[in-house]
Amino acid sequence: MNTTITIPVQKTSETATVFAGDYLNKLSGETIERECKKRLEDGAKRLVVNFSETEIVNSIGVSILLGVIDAAQNAGAEVVFSDVKEETVELFEMLGLTNHVKMEN
Amino acid sequence: MNNEREKILSNLAAEDLIGRSLELDALLRHARGESKTNALLISSAPSVGVSELLRQTYDRLFYEQGESIPFYFALKKSDRTAHQAATRFLQSFLQQVVAFRRRESKILDAACDVCELSEIALPSDGYWIDRLIETCQTESKLNNELAFVKNCLSAPLRALANGARVFVMIDDLHKAEHFAGEIDFIEEINEIFSRFEMPFVFGGRRRFSFGASGANDFESLDIKPLSFVDAGLLAENLAVRYGVRINEQTRDLIAVQFDGNPLFIKSLMQSASEKKSALDSFQKVEQLYADEIFGGKIGKYYDAGFDEIAPRTETQKHLLSLLFDDLSVEHEKTHIETWQSRMNLADAEFSRVMRLLNTNEIVRLTSNLVETMRENLVLSDYVKGRFRLEIVLQNRALTVGETLSEFLKRAPRLMADFYRKNSAIGLRALLGVFDCQEIPVSLLDYSRFKDELKGAPNAEILKKLKNEPEKITLPQIIYTAHTVSFYAQFAQVVEKERSAVALGFIKSNYTDDDETVWIAAEIDSKLEAKKELAEFWCDRLEMVALMCNFSNYKIWLVAPEGFAPDAVEVLQSRSAFGSSKKQVELLVEFLGAKDALGEKLKANEYEMVVPMGEDTELIAAQTVEEIAKRHHFAPRAINQIKTALVEACINATEHSHSPDRKIYQKFTVENDRIIITISNRGLRLADKKAQEIAPGQDRRGWGLKLMKNLMDEVKFEQTDDGTRISMTKYLKK
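Here the protein sequences come in this chain order: A and B. Note that the first sequence ends on residue 105 in our numbering; no numbers are left out. Note that the second sequence ends on residue 733 in our numbering; no numbers are left out.
Errors might be hidden in some of the hints.
Said to hold, decoys possible - Pairwise CB distance ranges, derived in the manner of DEER restraints:
| # | chain 1 | residue 1 | chain 2 | residue 2 | range |
| --- | --- | --- | --- | --- | --- |
| 1 | B | Lys732 | A | Gly96 | 38 to 48 Å |
| 2 | A | Lys26 | B | Glu626 | 17 to 27 Å |
| 3 | A | Lys26 | B | Glu713 | 20 to 30 Å |
| 4 | A | Glu53 | B | Asn247 | 39 to 49 Å |
| 5 | A | Glu93 | B | Ala634 | 51 to 61 Å |
Stated by the list, open to error - Just so you have them, the derived chain B footprint on chain A, three or more residues with Cβ under 8 Å:
| # | segment |
| --- | --- |
| 6 | 39–51 |
| 7 | 90–98 |
These are computed hints drawn from the structure, not numbers from a lab. Predicted model only: the values in this text are computed from it and were never measured. Every residue gets a Cβ at the ideal spot worked out from N, C-alpha and C, and that includes glycine.
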């Protein structure tokens, strides 16, 4: 198994979109975190994490996402979770993530 | 029930009572007055566990401290007369009433006489207790034995008259058989309790006559030996309790060999523990079993029984010879006159011995015919062993050695028979539920089924079957037995469980013309059965009909994959039915006969071991997804199960410091649920500091919360070396 993964990123003006993979765990979470922080440093004001491919999420991945949200808030940027599957939304709600981000389809 | 409650009368902790929850519930319902009649008769074969069940009922009722005072009394071998039993009855009764009222179970351990009990009774009970004791003492002084016995046994009635409601359980009533004297204890107790206006229970051996006078209108509760699964569970629990190493193979052998008898299973485990012997191979199990038969706990159990039935050595020798002869020859029944002449006993003593042999299920006594209980393997082994040692006077070492060798050769055969029996479709039980029901022809006629229904989904098949215009009315079956019971030679061609004969009537008119017999057999064929095979089986079953003088009969063959066209022609020419296994499964469903056939053992467990790390939890999650899909869990539930499983794996990986770095996973599917068990070696959850597992500032430690929220039940168990998490998700339709 690879120990590093590549996260696809799209950037348009002040919005950066980061695509989460099929399994949001520690490794993929940290990669997302790194990409997001880089975009924030580049001046992005809107971070979109796209979960269209995400089948399963674990609690470590979620805890890292909370770090991303904190970093964005500190940089005055907005975090949006898009294309999140119903089951994953349920999980995010359970852990209180949905209070801090905007959900979009 | 609180598991930490101390045992009062019971021998087992409440959680260790296995396979008896339905029976315990029935007894508790009866105690609450929810039965149709006040009198409940609970009976079983010897050593199946009626007494423990009643004692557990006592403990439950004692701790519940409800309206009724539980009272348990068992006759003892030491009660030689009705007078002695009645005296003990009164003393036990008062002791238990006082202990319950004072909520002090320790009073039951004290050796109090009735006068002392009267002194420590609550004031509200003092008056009637004093009067009761006074009356009994007066009768005793007057030497009026019958009046004394009646007074003692009427104690619960007197208590009730004074507002004390008592739930009476009188156990081991068959021991009244040994009482000397003029008083018929059973008759007296029946007469007294026919006037008792509270629920009560009489218990004892199932073949004992609890009173033919019909004074009481009894409801019956027949306690069966433990099922194979429960017997295995008991063996596992006892192995843990006594520190005996077993494995799945030996657990199953023990369950089968002892036929679900809890006493024998316990005896074996206790002996293994005392001898520090593991039971992890057939050889070790049989070695210890041989020791048990030749002088161990099981041998002593039967020794005591034989000594009681036939105290004289000569009589016992005759008895052993008779039993051995009966076990050694093919014919199963002997005339009772043969037994009397060989035992050389006077009529009264012979009658007593035979009655006890029957009650203790050493022989079956029907219509003046005697049949040794050859299906009781342990009894047969005991009889054969003693016969060789004591009658043939064979060298002990040789006897034990040869017997052990026989046991070892027999063990795999026993299991093979069990596997065959378990895989049989249960024709006998199925025939028994025919009951004049009308069914579509396609359920019995294979060619029709093949043409119109084979291969279609179950729901579609059932729909079409319901709309099928052509019907067959099944006969009213009044008696069924395995074919070998009618015609012993048939055992040479088929295993007992795979063929049955059913006697009945075409309609429920009960006339000679309506009499019919169905002779059915389950046959083997990997493909559709060929003509030759159909002919062979029709010939054999017709032979049974001929030998048994059945004139109006119907043959029914069941082949796994049905019958080839030329075989169907053979069946039609013989007016026989031929069905596939699929048709039989549908027939069972159609007749609602699943309960009658009993639950088959299902391969419903999946096990896997994954290494920790490297996202291996995803492999487990994908596996459980596949399993849950097969069992029709909804996508949302599947995702929840997968997420909970992933969290359990992460938990094991992060917290355990596991020495083998492995996660052991078991997925068990039952009718309405999936149970996921995740185990690991290493640090136990209990050994972790709270902040290591609870959610904290660092946003970690959400695993337990997620598991609990996503699953319906989550249990954490500490093992000796590691942690086991068991999570259940129910199938919601």
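Do the hints match the structure? See the list:
Take lysine 732 (chain B) and glycine 96 (chain A): their Cβ atoms lie about 26 Å apart, and the range 38 to 48 Å is violated. For lysine 26 (chain A) paired with glutamate 626 (chain B), a C-beta distance near 25 Å keeps the hint of 17 to 27 Å intact. Distance hint check: the CB atoms of lysine 26 (chain A) and glutamate 713 (chain B) are about 28 Å apart, consistent with the given range 20 to 30 Å. Between glutamate 53 (chain A) and asparagine 247 (chain B) the C-beta distance comes to about 45 Å, which sits within the given range of 39 to 49 Å.
Checked against the hint of 51 to 61 Å, the C-beta distance between glutamate 93 (chain A) and alanine 634 (chain B) comes to roughly 19 Å, which is inconsistent with it. Interface restraint, the segment 39–51 of chain A with chain B: violated (0 residues with C-beta to C-beta distance below 8 Å; minimum three). Closer than 8 Å: that is the beta-carbon criterion, and the segment 90–98 of chain A has 4 residues meeting it against chain B, so the requirement of 3 holds.
Hints 1, 5 and 6 from the list above are not met by this structure, while the remaining hints are.
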